[in-house]
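Participant: Once you have looked at the hints, place chain B on chain A.
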Amino acid sequence: MSDPETTRSVIERLFSAVLWLYPRDLRREYGHDMLTFIRELEQDARRAPLGRLWLAGRLLLDAATAIPRAYRWQPRSVLVATSSNAATAHTPRRLSGKETTSMTTLPHDLLVAVRRARHNPGFTLVAALTLALGIGANTAIFSVVYGVLLRPLGIADPAHLAVLSFHRAEDPGNAAGLWPSHLVNLRDEVEGRGGVQRLTSYIFDSVTLLADGQPEELGASLMVDGAFFETLGVDPILGRALAEDDVLPNRRGTVAVISEALWRGRFGSDPEIVGRTLSLDETPVAIVGVMPDNVPLPQAGVQVWMPQGWDVEDGRLFGRLSVLARLEPGADLAVASEVLANSAARLGADNPRFAGYTISLRTFRDSLIGSARPAILAAAGAVGLILLIACANMASLLLSRAVVREREIATRRALGAQRGQLTTQLLIESLLLSSLGGLLGIALAFFLHRVLIGLAAGLLPRLYDVRLDLPVLGFAVGVSVLAGLIFGMAPAVWAFTRDLAGAMRGLRHARTRHTPLADPRQALVVMQVTVAVVLVTGAALLLRNLAELRSVDPGFSSAGLGGARIYLDDNAYTNDSQEAAYFVDVLERLRTTPGIVAAGASSGLPMDPLTIDYDLPYTLPGEEPSDSTRQAHFRTITPGYLEALGAPIQRGRSILASDRDDTERVAVINETFARVAWGERDPIGESFAIHGGSLSLRVVGVVGDVRFHGPSEQTRPAFFLPHSQMTYGAMTVIARTADATLATATADAQKPGADGGSWAATAVARAALAADHRQPVHSTFAFSDLERGAVATDRFYGRLLAAFAAVALLLAGAGIYGVVAYWVNESRREFGLRMAIGATGSDIVDLVLRRSLRTSLLGLALGIGLGLLAARSLEPFLYGVSATDTSALAAVVVLSLAAAVLASLIPAISASRIDPISSLRGES
Amino acid sequence: MTTHSPLKPVEFHLLLALVDGPLHGYALAGRMREESDEQVKMMPGNLYTVIRRLDREGWVTEADARTPGDDQRRRYFALTHAGRHLLADEGRRMARMANTVRRRLLDTGVNDGEITS
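Chains as they are written, first to last, in the working numbering: chain A, 1 to 924; chain B, 925 to 1041.
Please note that the accuracy of each hint is not assured.
As the list claims (entries may be wrong) - Pairwise CB distance ranges, derived in the manner of DEER restraints:
id: 1; chain 1: A; residue 1: Arg766; chain 2: B; residue 2: Arg957; range: 55 to 61 Å
id: 2; chain 1: B; residue 1: Val943; chain 2: A; residue 2: Leu482; range: 46 to 52 Å
id: 3; chain 1: A; residue 1: Arg46; chain 2: B; residue 2: Thr1024; range: 43 to 49 Å
Please keep in mind that the hints were generated in silico from the structure rather than gathered at the bench. None of these values were measured; they are calculated from a predicted model. Beta carbons: idealized from backbone N, C-alpha and C, even for Gly.
Bound conformation, chain A alone:
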């Protein structure tokens, strides 16, 4: 798959588009060579830091000067030299001036515009940079909008692929997996009915890849059934997908499909990969195909797909099957959903374990990107406001210039210039500026979108689909042209509503500049300030919210805490006692490691994105399982885990080593569980039952609440069981060091916020390898990173909006500055007169500030009003603060006023330095 389109660089693609601006003959003859040239320049530029940005700028300048020249020159009929026999044509004559004037008006207007832009480099630069900021930010965000929300998924007919969610009717957000027997029933009942064509299931698994003697835990591997790839409709890039034959008993465990990333990384893109054998979990497996990375199957990052080899009776799969449904073309999701819900209701009637559960469907796309959509669209809206401010700045700048050119325009009109001609000239000038801004903006977007991808890693789905390609560049071009047309209209309209005669006489008649809205530029300033204040309000609320989230007590202490996830290979560890013994061994080794003060293991960690947990239904004595809606989080833990975590035991005792397989079944519950189940009563000694009432547990202790999913979550009921009585092979081992200096002795020291957590994590990994060197560690982590990760999304959007607000404030400030500076310059005589009759410099500063602030205050008031309205849409993202938080609003007022004062202060000071004598004489 070597598509040349994907291997071309952004610069190359950009300039192959620019080529279309050259005359056709030049483009046809030399276009290819120009691109070759650019490619070579780019190779040189790669060596220097920012070399490519610099190159892009030089190339733009080159194109801007070459294109008008290319049009200006017309071949002379006499000397169209066809070949080298033009030897007779010694010293040919130069073109005379007259010949060059035979050109259409468009290139001429363009030439005039280019000249004007070059003669006024300061104006051109400010205008282009302002727009570049707006267009660059918008293009970068649009690359995310397009990549995440709009780009085709690579899956056949994604509108008719649905994700099955099995959940309690009242709690749709908390889906459980299906049981194998359940799936078999479901297939019989619904396939071919209600538009459901086929169901396919998969299970996440963890396998160990053995190559070069080094075990490597593959992050995500999937056990899929035979219909999986056909249902998703994805073609492999090499070999074949898995099919029904592969799940037959004699083929199971002998074949696998691998991901493009694994193929490229581990196997060096070996074209002969199909047919090679891998060692997965110490079993030789033949690779039959390679799947593309840019297709979610069913999510990004899966590295191996293997055929399922489960039996309906396989207890270890209970609750772990994920199911996708392929609907018939034209089928209705709601109808199919109802058929499945009915089937679930029948199942519940037959089996009390599933009572109260139902099934609902979401489209595949929705489940992949659903939660990201509102935030991305909000970001796109916010960044659109920045463009609005940038356009207002442009309009204001062009208006100011049109005022300066008032006499020129009036003269040209008087000489009979047609309205159309003048308008065209003005529009071409603004289009040239916006194109320049657009091109710079694209260069900027190239860097911004990389930064965005870096910041959003792990927070947004489909980031692998975010890139600057043709549709995104098309958007940038469209926005540039649109912006150019819109703000170009302002001076064009203005030019035709002016008083001709007055302008020609050079009369600057008394314009009512001092009242807002009388001058269109003042209106633009009000609009800019309003919009900027709306953004600042949003940013202030999100940042306040973030600070609030950080101050929430998670219920444990993350300093010095680190750990490693270990998913035992079930071929090597075949029974509970082997699994339990392994973790006892690892923890023993850890406890004797110098520097480690506590260690333990759990089936899941708070705030760990890799922990998949589901609530378990439970009953109190005397309750019927079918009537009960009680459920609680559950974890199986080893002795020492709660102590290592730093969660305080409030009553009774913790899980101890004396809780063994042959002793009484016990549980430690959290405060919320105690309150929900027994209210004010002492829960110690009480009992509850799980597994449909079949397993009774006695409460021996109460532990403090822990926020499992981050600070924004409400605390939930939870209980902890001894690992010796409920053995899991997939555990996370954690250890705490009290000695933060250990961190500084290691590479940890370079990391901000190093607190020994990574050191502790490394210690866990070492102890695990010492216990069994064939068992890989899945991954290690410092707890402080998990804690940061839990608010990462809030931080990302908070920072994004803060950046937008800063840019908006900057641009609005530039707008205020431009208008005030222009007005101060216009009013030199007035200020000179005032100073001549006794006004001091500070009086003048005061006067300018007051006039300018009147406009800004109007914008501020409007902005806060609109900002409060807009803040309502932020409410779903706010946990700790209200949408009308007063301290946030106070910050908005102070910040916005400071920006407005700052922007007016520079021209105000220059007004106070006007020399009254010379200004009254009319010299400036």
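Facilitator: Just chain B, lined up with the frame of chain A:
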């Protein structure tokens, strides 16, 4: 005697760069830059606009100088006879101008060393 140059500096350097043999665009730009003491730095747009003009005027033509490993669509450019003559004329003209300058300055009392160093 021609006092007005028929060639712009960029055109002059382009022709000069091709004296030793055909070059493709990137190499041509590099040679021009070297020979002009970094004064003439051509980027693709302007380079090919100038090449087209010189080609149409009959001073430069396309040459087949591709090496086997080269991109087969890449063009090489060479001087035509007319181009070579033009460059020679331009060289003579510049020499004459240099002499004139030297003579006039010597008349005013500025010695040769000050001019050349």
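Participant: Does 46 to 52 Å hold as the CB distance between valine 943(B) and leucine 482(A), or does it fail?
Facilitator: Hint holds: Cβ distance 50 Å, inside 46 to 52 Å.
Participant: Is 55 to 61 Å a correct range for the gap between the Cβ atoms of arginine 766(A) and arginine 957(B)?
Facilitator: 58 Å, holds
Participant: Does the hinted range 43 to 49 Å hold for arginine 46(A) and threonine 1024(B) at CB?
Facilitator: 48 Å, holds
In this structure, every one of the numbered hints holds.
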